[in-house]
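Asks: Given next are the chains, with one letter for each unit.
2 protein chains.
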Amino acid sequence: MSDTTEPVGIPASGERAVTAQQLDAADLLAPLRSRFVLDDPDAADGADDAVYLDGNSLGALPAHVPDRISDVVRRQWGELRIRSWDESGWWTAPERIGDRIAPLVGAAPGQIVVGDSTSVNVFKALVGAVRLVRSGPVGPAGPVGEGRDEILVDATTFPTDGYIAESAARLTGCTLRPVNPAELPAALSDRTAAVLLNHVDYRTGRLHDLPSLTAAVHAAGALAVWDLCHSAGALPVGLDEHGVDLAVGCTYKYLNGGPGAPAYLYVRRCHQDRFDSPLPGWNSHAEPFGMRPDYEAAPGAVRGRVGTPDILSMLALEAALEVWDGVSVAAVRAKSLALSDFFLECVTAYVPAGLVESLTPVAHEERGSQVALRCPAAGDVMKRLIARGVVGDFRRPDVLRFGFTPLYVGFADVERAARVLGEVLVEVTAG
Amino acid sequence: MSDTTEPVGIPASGERAVTAQQLDAADLLAPLRSRFVLDDPDAADGADDAVYLDGNSLGALPAHVPDRISDVVRRQWGELRIRSWDESGWWTAPERIGDRIAPLVGAAPGQIVVGDSTSVNVFKALVGAVRLVRSGPVGPAGPVGEGRDEILVDATTFPTDGYIAESAARLTGCTLRPVNPAELPAALSDRTAAVLLNHVDYRTGRLHDLPSLTAAVHAAGALAVWDLCHSAGALPVGLDEHGVDLAVGCTYKYLNGGPGAPAYLYVRRCHQDRFDSPLPGWNSHAEPFGMRPDYEAAPGAVRGRVGTPDILSMLALEAALEVWDGVSVAAVRAKSLALSDFFLECVTAYVPAGLVESLTPVAHEERGSQVALRCPAAGDVMKRLIARGVVGDFRRPDVLRFGFTPLYVGFADVERAARVLGEVLVEVTAG
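Chains F and S supply the protein sequences, listed in that same order.
The first sequence runs contiguously to residue 550 in the numbering used here.
The second sequence runs contiguously to residue 550 in the numbering used here.
The following block holds chain F by itself, in its conformation from the complex (with noise of 0.2 Å):
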């Protein structure tokens, strides 16, 4: 991956530099950055900071948080305690909060509740799925009832899912069968009840097709449920517009709701009334407080709460959606794609070729908020970049993951991480 017209190690005053403060210059969303907190602890005295390519794993934290939740724990729990319940607006978080993400993800108010983690939701949403297949109709062609027992899930799936997968159908007398997205339609069958797909693979960063999967899905009178830990925030869902069924993400990546924020779950209107979730608990009841011995679900999203939510946790994640406020998902998507091109171009500039491969499809259409690119000794290689300040991951056994985050990430950021990536792979390699 090398031109012949660059040098190896081309100082930050090179074209492409040049390029990069150009495209900072002129990037709309450019003042958003600092609206996050980005110093560098390990940095000398005037060196830049650190290049966070990471926010795919762990979303930077927005500056405006620490106050928020000192006022959370110091007023509203040490001062107010149980009173917050109802006078800081604590029982009700999950389904305000859930609202606040909803137009991130295409979806309607009404649909969404965050809490719990993006697992213990798998589970609520792919048991639910296969419950709603079986007690009635849900698709324009499908048959109904017990004899569904499949569930399909993508073969490349973060692997939680594909655990959960598994447990949900141990549970409902279903098989799991992992299958590749691209070939999911030629699995479908009357047989399938339900389908787990990630919008965006987390090792490679493809970005699957969602509106032609659903339809696919749908067509097989079979409900979709999708993983949108790598896609909400970095890109447009549409959940309503593409007919999704149920969903799941995490909120602490491109959501920047902080380390192990409660995840969220999306059931979509039209199934809620009978959607029967695995975990009935008190917070998901008719009437709460009326602890009456018998289950009666609460109508509306409210069915997908469990127990008591957490609440320091969802009160930063409420204060960290407000960095979205004006912020339009389009441009957003906009800027990523821009930084992702710009970085593949970098890397083929400044990397010898040969060193590295992309996993990353180059097509915009399959391509979601980060570059995957395997090399030899990728541990080692990672380690080395963040000693130079670049940050981004690394997963086995032999993958470099770079997430670019448009809500803090610019041109020159990545003009950087990618020729620090060059020395340091011509620095191994000659080692």
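Because the hints were derived from the structure by calculation, they are not lab data.
Some hints could be false.
All copies of an identical chain are treated as equivalent in the list; a pair is satisfied when it fits inside any one copy or across any two copies.
Okay, derived cross-link-like pairs now, EDC-like style, lysine to aspartate or glutamate, Cα gap no bigger than 20 Å in a straight line [unchecked claim]:
hint, residue 1, residue 2
1, K502, E476
2, K502, D168
3, K502, D309
4, K502, D205
5, K502, D159
6, K502, D143
7, K502, E302
8, K502, E542
9, K502, D512
10, K502, D517
11, K502, E198
12, K502, E206
13, K502, E546
14, K502, D395
Keep in mind the model is a prediction, meaning the values are calculated, not measured.
Given the structure of chain F, go ahead and fit chain S onto it with the hints provided.
Replies: Okay, now just chain S, sitting in the frame of chain F:
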């Protein structure tokens, strides 16, 4: 509930107020109160702080927690970002904090993990218990195998336990049978797979006999799952000593972890190798960063983990647990009983006969750390109490709950609470 020697509305200088001062002066736990924030934001200058008797719902804020959370947010997340998963000990927090809770509930290390809500942990524990019973011998007397198809649940349980137990039964092909704990021994049979019991009843404050009930469950060849929400941190539990199989509990009541702080799961060491969680997320994998498509459960308590842990809430809890340094649970229990004894004495003295009825057992061995009083118009009564700085809570239809948290409640608080209660009840009855 009155004697004839005390007028209603006795002033704070009365006989029992003097007794309260003496009891507080002799209380070796009294200095612990300074470890908590107990300011009353509504109190006029110079007025007493509120008497907070709702720590059995939401524990008060330990004074050092806000600064610790600030460090987690500003430095660990804001500056170290992704590095904190290793460098700040985020990844191992669930088991590390579990080991911190362990001595409070009589467990050796390596058997508790923190994470998820109580409801979600009840689900793991019950499905896990049924699978354990069906997969091999678990007790001295009972037959093994698929024939065990009944889950028994405390008929007076906190509702979420019952709802989740119903779901666990449905998904494992069991029948759920509610049974009064007093009648449990007669209800056990060779059909019983697992029994879910509350150590302390959330409404009445009744303490159930964990040792004898666990022994009865074992004698029937079944497994005992205990919910410790209303006992952990208030009285000795003795999980290891009494052979409890699985247990769950929340951390935001007597453990003061903060609103919606993560719950915990105890899996007795001898069951861990065969514990088969219905929520096998990537965090419970033997090699979580191997990203393997096949699931292999981690050894030990880690097997109870699911998804990415909720770091802000979890590390708030970890900090909060430091208030227990050097504190004996036996001493806490002794003070708890002294507080509730004194409260009942003061209520008898200050409340005219017939206005309230106590639902809480008089016998110490049957009493948790709260007193529940039944009266007409209890909702209105509680509102008036809160307006006068005595904070308990109301449970429909007619119950006033007063929780006694020995780390920060004193005898003068108790005397004042009973005195104001007497005044309010006379007022409401007259009105």
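Asks: At most 20 Å between C-alpha atoms: does K502 with D168 qualify within a copy, between copies, both, or neither?
Replies: within (17 Å within a copy, 54 Å between copies)
Asks: Should K502 paired with D512 be assigned to within, between, both, or neither, using CA atoms and 20 Å as the limit?
Replies: within (9 Å within a copy, 54 Å between copies)
Asks: Check K502 against D309 for me: Cα-Cα at most 20 Å, and say if that holds within a copy, between copies, both or neither.
Replies: Classified as neither: same-chain Cα gap 49 Å, cross-chain 58 Å, threshold 20 Å.
Asks: Between K502 and D159, at a C-alpha cutoff of 20 Å, which is it: within one copy, between copies, both, or neither?
Replies: within (16 Å within a copy, 51 Å between copies)
Asks: Have a look at K502 and E206 and pick one of within, between, both or neither, based on CA distance no larger than 20 Å.
Replies: Only across copies: K502 and E206 sit 14 Å apart there, 47 Å inside one copy, limit 20 Å.
Asks: At most 20 Å between C-alpha atoms: does K502 with D143 qualify within a copy, between copies, both, or neither?
Replies: Intra 28 Å, inter 58 Å, cutoff 20 Å: neither.
Asks: Regarding K502 and E302, is the shortest C-alpha distance of 20 Å or less found within a copy, between copies, in both, or in neither?
Replies: neither (36 Å within a copy, 62 Å between copies)
Asks: With identical chains treated as interchangeable, where does the CA-CA distance between K502 and D205 reach 20 Å or less: within a copy, between copies, both, or neither?
Replies: Classified as between; 14 Å across copies, 47 Å inside a copy.
Asks: Checking an output row: K502 and E476, CA cutoff 20 Å. Within, between, both or neither?
Replies: within (19 Å within a copy, 67 Å between copies)
Asks: When no copy is specified for K502 and E546, does a C-alpha distance of 20 Å or less occur within a copy, between copies, both, or neither?
Replies: The answer is within: 13 Å in one copy meets 20 Å, while 71 Å across copies does not.
Asks: Have a look at K502 and E198 and pick one of within, between, both or neither, based on CA distance no larger than 20 Å.
Replies: Classified as between; 18 Å across copies, 45 Å inside a copy.
Asks: At 20 Å max between alpha carbons, let me know whether K502 reaches E542 within a copy, between copies, both or neither.
Replies: within (13 Å within a copy, 69 Å between copies)
The structure fails hints 3, 6, 7, 14 (numbered hints given earlier, in ascending order).
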